[in-house]
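Engineer: Numbering (our numbering), first residue to last: 62 to 638.
Keep in mind the hints are simulated off the structure, nothing from the lab.
Values in this document were obtained by computation on a predicted structure and should not be read as measured data.
Beta carbons are placed, not taken as given, at the ideal position from N, Cα and C, and that holds for glycine.
Incorrect hints may have been included.
[What the hints assert, rightly or not] Label pairs and their in silico Cβ distance ranges: (1) Ala209 with Thr134: 34 to 42 angstroms; (2) Ala579 with Arg447: 30 to 38 angstroms; (3) Arg332 with Ala209: 40 to 48 angstroms; (4) Pro621 with Glu96: 48 to 56 angstroms; (5) Ala209 with Glu103: 53 to 61 angstroms; (6) Leu532 with Leu325: 31 to 39 angstroms; (7) Ala626 with Glu486: 17 to 25 angstroms; (8) Ala231 with Thr134: 24 to 32 angstroms; (9) Ala358 with Gln100: 37 to 45 angstroms; (10) Gly112 with Ala579: 30 to 38 angstroms.
[Unchecked claim] Simulated crosslink set (DSS-like; lysine-lysine; CA at most 25 angstroms straight-line): (11) Lys122 with Lys163; (12) Lys87 with Lys163; (13) Lys256 with Lys299.
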Amino acid sequence: MQNLQLAAIFREMADLLEVKGESVYKIRAYRRAAEQLEQLPEELGEVVRSGEIDRVPGFGKALAAKAREFVATGQVADHQALLSEYPAEVRELLRVPGVGPKLADRLFREAGVASLEALEAAAREGRLRGLRGFGPRAEERILAGIEALRRQEGRRGIGEVLPQARWLAAQLEALPQVERVAIAGSLRRWKEEVKDADLVVASGDAEGLVAALRERGLAQEVGGGTARVPLVLPTGLKVDLRVVAPIHFASALHHFTGSKEHHLLLRERARRLGLSISEYGIAQGDGPPESVASEEALYQRLGLAWIPPELREGQEELELAEQGALPRLVTLEDLRGDLHIHTDWSDGRASLEAMVEAARARGYAYVAICDHSPAVRVAGGLEPDRLLAQVERIRRLNQELDGFQVLVGTEVDILADGQLDYPDELLAQLDFVVASIHSHMSQDPETLLERYRKALASPWVDCIGHPTGRLLGRREAMAVPVEALVELAAERGVALEINASPERLDLDSRWARLAARAGVPLAINTDAHHPDHLAFAEYGVGVARRAGLTADQVINAWPPERLLAWIRSRRDRARRR
DNA sequence: GCCGTTTTCGGCCCGACTGTTTTCAGTCG
């Protein structure tokens, strides 16, 4: 876990250096190094000892020295020095929408504001008004920003938590005291945001296990008991470890998977059958709990088919399970391709060829290259002639590929007035068109809907990308009325995207469910900017499963012939309108 | 800060728009 500790230090340093006004390139270097550390498969200590640290990309003389210093002493002197200039809490200010590094610096120096709490108090008491460029409106804006932040406080995206939970599970599995480990809780139900990670561990030696955890330094904090062992990982993630006897593993896993609402319905049902459910098993009448061998067995005792965790939300899952009518949820293995990925022709970090190769390596049959259009300047959007050159290149590439198809596509920007950033004549030459909003996201609901309506007037738009524009924990969804957008998509026969990037997950499962019910096909796309990002597909599948989707409702779970036929026929219909 | 190299330092993803503070930080990906 040293890797993640140093990464956290580098990230904190980057934030504080930014407040301090350091060179953006220096700051970027720290962040890049942190990113490398987070992905480094080897233990940092090993990498340093073997002298390989200098060869890790992003580590030059200075950062390699800091890595060595950290491994040797457990801290970084420059980090400590920075902390004597700025309290670490100053970082909190950066999370407030509307507060960047420059403003954070001034708030700290000129108003003595060093934490979120202090900022809120100062804004409430009107103490910010003295600052240059600050009026009552700015204070209101800041208070609104803090409130938005509070609403999501304590929640973390699944993309951040799941890898850590898996890492910990693997570490636990390697311990001799541990028989089985499973991730439970909302994480197992693939909730998009979670407070903590719940793990269930089967062990015949709970005391030994807790001792081993302490000894290995697997966690900063280890709570007192053995049945419930709360941990805090070095990253700050809270983990609730439940240690149970092996015979109780299945019922405990079920118990700690939840949800509360699902259990409520399940227990009502059990009661009617003269049974009662606990984390130790199923009891008949007043009898002792009998352990169950598996979750399947547990549901079977209640006359139900096994219910996938993603559907355990206390809605209609019990009725469906009773009737044997649960949907066969889409799986990661069902996906045949990815219909929204970027390359270094715009803001992707890998070449067209590398992205295609990565998609083939995943066993896909097709992929759609959807780089940005010119309006997204910061992303290096493709001017029409560049797009045409890319089309040319992809057509040639396809001739060399066997059993794999690269679709020429675009993520065309929907401009503020609903116009598309490319003319129809150009879009007509592409195999697949994703249209997305990237700017003017604070328009009112009617304007946003009109904007989508106008964009969908083009017969060439096949899919709406990240329809609400939300960024988990960072930016609220646009005010677009999603029900109306779903209706619009149904009417036009256009697919809606489940953007699987863990920072988006947009549509979310609630909206995806609504869309599917309205007959709108969904596309689980990763929006990959790097070959590794193709793996984000699992998060999109998680959202889709929570939405109750089958493979039939997901266009990129279709074989290429069906997908292409769908695109053709929907474009034909659209042009006849 | 790193990187690649013209081995010593310049380049590193540029810029338009927004809101409101009337000059610029923050926002977009």
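Engineer: State for each hint whether it applies.
Structural biologist: A quick look at each hint next to the structure:
1. Ala209 with Thr134: 34 to 42 angstroms: holds (39 angstroms)
2. Ala579 with Arg447: 30 to 38 angstroms: holds (37 angstroms)
3. Arg332 with Ala209: 40 to 48 angstroms: Holds - the Cβ-Cβ distance for Arg332 and Ala209, about 42 angstroms, lies within 40 to 48 angstroms.
4. Pro621 with Glu96: 48 to 56 angstroms: violated (34 angstroms)
5. Ala209 with Glu103: 53 to 61 angstroms: violated (39 angstroms)
6. Leu532 with Leu325: 31 to 39 angstroms: holds (33 angstroms)
7. Ala626 with Glu486: 17 to 25 angstroms: holds (24 angstroms)
8. Ala231 with Thr134: 24 to 32 angstroms: For Thr134 against Ala231, whose Cβ atoms are near 28 angstroms apart, the range 24 to 32 angstroms holds.
9. Ala358 with Gln100: 37 to 45 angstroms: This hint holds: roughly 40 angstroms between Cβ atoms.
10. Gly112 with Ala579: 30 to 38 angstroms: violated (59 angstroms)
11. Lys122 with Lys163: violated (29 angstroms)
12. Lys87 with Lys163: This hinted pair holds, its Cα atoms lying about 16 angstroms apart.
13. Lys256 with Lys299: With Cα atoms ~8 angstroms apart, Lys256 and Lys299 stay inside 25 angstroms; holds.
Consistency note: the structure conflicts with the earlier hints numbered 4, 5, 10 and 11.
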